[in-house]
Every structure is written in C-alpha cells, then in structure tokens.
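> The residues making up each chain are set out below.
Number of protein chains: 2
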Amino acid sequence: MEKNEVRDDRLFELEDEFTELIKNKKFKEAKTLIEDLNEVDIAELIDKLDPTTGTVIFRMLGKDVAADVFANFDTEQQQEIMKASTAQEIKEIMDELYFDDLVDMLEEMPSNVVNSILKYSLPEERTLINQFLKYPEYSAGSIMTIEYVSLKKEMTVKESFAKIKREGIDKETIYTLYVTDDYRRLIGILSLRELIVAPESAKIIDLMKSDVVYAGTHDDQEYVAGLFKRYGFEAIPVVDNEKRIVGIITYDDIMDIMEEEATEDFQVMAAITPTEEPYLDSSVIFLAKHRILWLMILMISSTITQRIIQGYETYLYSVAGLSTFIPMLMDTGGNSGSQSSTLVIRGLATGDIKPHDWFKVVWKEFRVSVLVGIALSIVSYFKIIYVDRMPESIAMTVSCTLIIAVMTAKVVGGLLPIAAHKLKLDPAIMASPLITTIADATTLVAYFFFAQQIIG
Amino acid sequence: MEKNEVRDDRLFELEDEFTELIKNKKFKEAKTLIEDLNEVDIAELIDKLDPTTGTVIFRMLGKDVAADVFANFDTEQQQEIMKASTAQEIKEIMDELYFDDLVDMLEEMPSNVVNSILKYSLPEERTLINQFLKYPEYSAGSIMTIEYVSLKKEMTVKESFAKIKREGIDKETIYTLYVTDDYRRLIGILSLRELIVAPESAKIIDLMKSDVVYAGTHDDQEYVAGLFKRYGFEAIPVVDNEKRIVGIITYDDIMDIMEEEATEDFQVMAAITPTEEPYLDSSVIFLAKHRILWLMILMISSTITQRIIQGYETYLYSVAGLSTFIPMLMDTGGNSGSQSSTLVIRGLATGDIKPHDWFKVVWKEFRVSVLVGIALSIVSYFKIIYVDRMPESIAMTVSCTLIIAVMTAKVVGGLLPIAAHKLKLDPAIMASPLITTIADATTLVAYFFFAQQIIG
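From first to last, the protein sequence lines are chains R and C. Just so we're aligned: the first sequence equals residues 3 to 458 in our numbering. Just so we're aligned: the second sequence equals residues 3 to 458 in our numbering.
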C-alpha cells in the first residue's frame, strides 16, 4: 500500500496544518490551504471543527465548491450552516445542491427546520420536494435525482450538443442521455460517447437504443442495485406508471446503497436489529437496544435444549464423560449450519441462487454434509480413543451424532433462507444464531438416542 | 416490484421464443430476435445453450456487439469460441476486447490456450499482456485497463475534442480525461463535462484539477474500492512508482469487486475458506473442501471445553438441573460475542472504524455488555424461578454467569478483529465461530465458579 499511504499522509499533514491555523484564528489562510482539495476531503476537514468555526470557514469558500462541500457535511454541520445563513444564502445553497442531496438533507432535519428552508423555495419546487419526501424509504423514488438531460428523437447531434452545453453544468450526469416523446415518456437512451463520435448531422433516433433498462419509482433500492451490477450502467432512469421519466439514479449513489445493503445483511445475520448509524457515532443505549431483542428471543428459545437435557439428566449422570462432548457437538452442528445458511443467504442476495433452485441447494447440501460429516466423525473417533483415552462406545456415539448433526444443520441451513425468501421475509434472519438454536436441539436428541443404543 | 417483473417477464418470454427457434435450427431468426438486447442479456441467453450452438449464434452477431457479448460469456463458452475461430477471428476479438477483459479471459484459460491466443497478438501487445498477468492477484494492476484518453496541458478544448472524437470509440471511458507530461507522468485530471461546458479556446492547464486521487499498481483492490466509495469517482488512474499513468479502473469493475469483497467477508465469517466460485457451479467435493478445514480446527479446539466439563463432572452430577443450562449459556455468550465482532469487522471493512479506535470500541462494548448482560440475567432469573420452577440458587448462578459471559464475549468480540487487523490478518476470521469457541470456555469456567460459590 505504498502509494495510498502517501495520499493519506498528505491529508494528515494538511489536517495538522489546518488545525494549527484555525487555532490561531487564521481563517483566511486555513481556507486557502484546503480549497484546492476534493470536496469530500474539504467537508471532512471542516466537519472535524466545532460547528461554529466550521460555518465560518464554509462561508468563505467559493460558490463553485460550496454546494458540493455542503452535500458532504454531516447533518449537524448542515443544520448549523442553515441556521447561520441569510435567506439569500439558503436559496443559493438550495439552488446549487443536486435534488437528491437536497431531499436527503431535508429527510434528516427536524420538521421546523425543513419548513423554514422550504420557505425559500419556489412553489413548484416545493411541490416536487414534498412529492419526493413521500416516496417509501429504500424505494427508487426516494434515492433518484431530477437533474438529467433529455433529448427529442428528431434532434440532430449538433442540436443535442448545444443543449448539453447549455444545461450540462447543472446536471448530475450528462454521460447518459434520455430520449423522451412529447408526453415525457422514455423511448430511448444514448451515451454521450456515442454522441461524440457521431457525425454532427446524425439524428438522435438513429443513434439511440430503444431497449432501455429502467426502474419504477416504487422498486426497492436493492433491485435497482441489482440492475447496476448486472449491466454496469453509469445511470438508470426511473419512470412512473405511465413510463414517464421522473428521475435518474447514478452509480455513485448505488455504491453507497450496495454497501448499506451488505452491512444490513451482516447485522441481521449476527442477530442485530439493523441500523445505518455508524458504530462509533451510536450511543451505548442505542447499541444495546439493537442487540437485546434477538438475544432475548434466542435465550428463551433455549428452553428447548434445557428441557431435552432435563429429560436425560439421570441417564447423562450414569455414563462418565458423556456430558463433556456436548459443547463440541453443539458448536460443530451450529458452525456447519451457519456455513450453509451463509452461502445461501449471500447467493440469494447477489442473485447467484434463485428461490426456484431450492431443490438443487438441498441436494448439494445433503451430499456435502455426508462428506463433511464422515470426515469429522472419523477424526473425532480416533481422537477420543487415542488422545482423550475414552471408551470406544463413547467414541462411536460421538461420531454417529456428528454425522447426523452436520447433515441436519447443513440441509436445514440451506433450506431455511430460501423458505424465508418465499415467505417474503429477509433470508438473513435465518443465519448462524437461529440455525444454531435449531441445530442444538437435533444434535442433543441424536446424541442421547445414539448413546442409549450404543452404550445402553 | 411491479415494473421490474415486467422486464424480467419480457426476458423470460424472449428466452422461450429463442430456445424454440434454436430447437428448430432457425439460427438466423434466433440471432435477429436477440441482437437488439443489451450485451449482458445476449450473453446470458447464449450461455444457456450448449457451447457449440452458442458458438454458431455468436459468430452470426454483428462485429459491433460481438466483443461486448464475448466479454460477458463464461469461461467455457469463451474457450469454445476461441477453439472454433480462425486466426483472423481471434485477432478481431482480441482487438475489440477491452484490455482488462482480455487479461481476465486469459487468466482463466489453460496455458496452452493462452499461448495459442497470444500468437495472434503483436509483440508489444504480448509484452504488455504478460506484464499484466504478472501483477499480484487482487492488486490495482491486475484489474486496471489501458484504454483511457490522455491529454497534454498545453492543448486547447477544441484540440482535446478532436482527440476524443478520434480515439474515444475504443476507450473504456472518455468521461474522465488524464493530463500527462512528456514523461507520461500524471499531472492532472479533467472531466468530459468540464470540457463540454468550457469555451473552445480554453487551455487544458486552466481547466484541469491537479489534486489527483490515484492508486498504485500494487495497491490492494479493497483499498481502491475504498477510494471509489469515498470520492464517488467514475474512474481512478493507476500509476507506477514514477507516478507515470499505466492504466485506469472504472466504477463498474469496482462494483463487482465490492460485491466480491463482501462475499469473501461473509464466507470467512462463517468459517468457510473463501472462493469466488458461484455456489451452484461448485462441485460437492469443492464445497466440502472449503468447509472442512475450519470445522476441523474448531472441533479440535473444543477439547478445551471438554476438559473443563471433565474437571467438574462429579460436581455437575451433584446438583440436579445444573447441566441443563449449559447450551443456553454457551449460545448466549457466543451470540453476544458475534454481534460485537460482526459490527467491528464490518466497521473496519467500510472504514467507519479505524484500528486506532480500539480503545473506544472496548469501552463502548464494555458499557453495552453491562446493560445487555444485566437485562438478560434479570429475565433469565425470573424465568428460572417462575417458569422452570427451579431453586433460586440455580437462578442466581445462571444470572451471574450470563453477565460475565456477555461481558467477556462482547469485549473480546470487539477487540479481536482489531487485533487481527493490526497483525495484518483478515479481521473477518475473528467472527462468530472463533468467538463462540472462546466464549464457551469462559462461560463454562464462570458457570462452575458461580455454582460452587452460590450453591456450594
């Protein structure tokens, strides 16, 4: 990682220098120091200051970068700036922000702040903002933006360029162009690259592709992310029920969403109520709340294993050494099951596994579990006899249980996520903790059964 | 998901129609049916045929789409086509493929096929291919491509456009332009958008941004993905030790890598030796091999819990009901620990948590675990007394153990992934299965300790 450290180091050095200048109230020098940076880096440096000083520096930034930096601030800093700004300044920021960033900002703010900000917007803009705020969370409508370039099919390349040159500076992307009919219905797409290499007199209708991949306003963002991954597009249009284009979603927003979706799966799979709040910013109470529900459910469902052991308690006491293998058997069953459920949950998430593949999964898991179960039981058999120096009857009991435990855990672990998917539940809940709880019970029942058969 | 189903349905219908035509050997009609589709969809439809028929259809496709479709085939279909093609055809495919797709294809093929393909390339191209094949796996060099547009700082906007128009069709992206000096060193970047809205006579040096974010050829792909996520770029340049630009990486390749990296983490966290092979395409032996190693290690390390129980076996027998809570305590400890380790592993992967935050993590986990531990132990206490109708001394023992089990598991679960990161190991190995094994031992020791103190 030689090269990267170089960049990181430079940012670190810059940060020290910047903090030093701020400390000495040399705000103008501080601003000059950072204004050539990327807006993400500028926002990070300002975010680290106290909000009031941050606002001072922000208001010194040039108009051309201010909105981009603003969009990268955290909510606290954004609110501080809104409070400190004049009506004219708020209007300027709102005009410069991309529509999706504006809506994102408003979603995070208390409603009184939202109302006071909306005062500065034009009536038609206000209507549009309110409409966007109403799209369901995690829908395509809630993440799209309205700054795209649309062309008409009868336009020439030259006319199109003139339009792009005129409007392009305010658009989120100009690299994908949308061709619409007189009713604003999407009839084709075209990349700027195709436009650039085409002769000036060519018509849009002859260059555009009419097989357009699009999303509906109410489609889930995960589905939209799937389209991006499948096709590698730079932007995807969002249409309403009449196929009229209402917005676009760009790849950079989808990258964030892909990351959020993966994080959500990780959390659900670890029996955590999911949240988008970053770990270090979360309060202790908040973190505890998100963990306790599932721990409680799983703890109470352990009553099953408790009752099974209770039923065999006297028998367990009568065979020395029998109880010592319970943790190992339970862990191995649980781990085997979570291997399978994890692969299937992930496969469903990436689209590698489709729900109608359920039988293939079960059949595969069955065969894998036979192989894995036998291998583990052979090793365990010899370990118990030659390392632990216990009777062969116990070794045989443990080995037989291992095979059944691994097989049940793997088949159930492979099947449950698909079943959850079919029941429109999140497959990720069928992960390690839940599978472990199920595997525990089967493992114990099998163990006591084999023990009574083999040891007597 | 109304709108999406529409598209999926159309593809399904098309597939039926296409298969029907193929069955009746109406290859020409089949080709006409699909050639207007997106190249990803065309490749998928052809991939589903047997390789020979696939090759027939492929060779009927127009030159303009053929290479794009080819890049989307699976390895088997690519090899089949290479075998069936004439020298001239192979040369054409190679010329049309983007360099990164070409290298990807060659990496997957047996070396004799690679050699016979390389025969058709020019000597300088061959040298370059060999150089690319030598970059370490998962490095920026191994995923970059060479088709970018470079400009000189003294060029005008008009001259730059002429160059883009001339070269653009063969470039992976023309939307980010790279400014280099006479030694091919990267001195600035510029977006096509900035070029389009600028006056024709403006000079590149006045438009370009010299604060360029770049990666080194040997940087890890995960680091590069981090740059994309942080800055939202469409492409990132890759430079060598002398800061000469040698390639670029585009957002669509990074999306695949983000997904692969997340999948790898999921696998490692479920105690699976990671692989990029899709689940349904993997053989049973392959799947078993990737699961058995960790199961074996974890099974053998359970010897510790086995010995702990062995040491207390007589004591365990002497208190009725004591053994029945072992599964619940172990599972709760394991689940608590994997909640913490999952959040920290994911935080490290997304960059929300930095290794130097280790103390913050420990302190947070400590406080969360106190809250969660107390809540669980109170519920468990009353459940044991009023539902299970067991003695208060057992209830108290279980409750005290729960607090210690949750606290140890959470603090250790939070700390171990960071420790692994510092030791340059993958933090993801410190996940559920390993934490469970560690939590099991502490939980049992605490359980027997409290039992002897409280019950006697």
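It is possible that some hints are incorrect.
When chains are identical, the list treats them as one kind, so a pair holds in a single copy or across two.
What the hints assert, rightly or not - In the SDA-like style, the derived pairs of lysine to any residue whose C-alpha atoms are separated by at most 25 Å in a straight line are:
(1) K385 to E279
(2) K205 to I171
(3) K211 to L13
(4) K211 to E169
Keep in mind that the hints were calculated from the coordinates and are not lab data.
> All hints are to be evaluated individually against the structure, with a verdict given for each.
Hint check results:
| no. | hint | verdict |
| --- | --- | --- |
| 1 | K385 to E279 | neither (47 Å within a copy, 33 Å between copies) |
| 2 | K205 to I171 | both (23 Å within a copy, 18 Å between copies) |
| 3 | K211 to L13 | between (44 Å within a copy, 17 Å between copies) |
| 4 | K211 to E169 | both (22 Å within a copy, 22 Å between copies) |
This entry does not satisfy hint 1, going by the numbered hints stated previously; all others are met.
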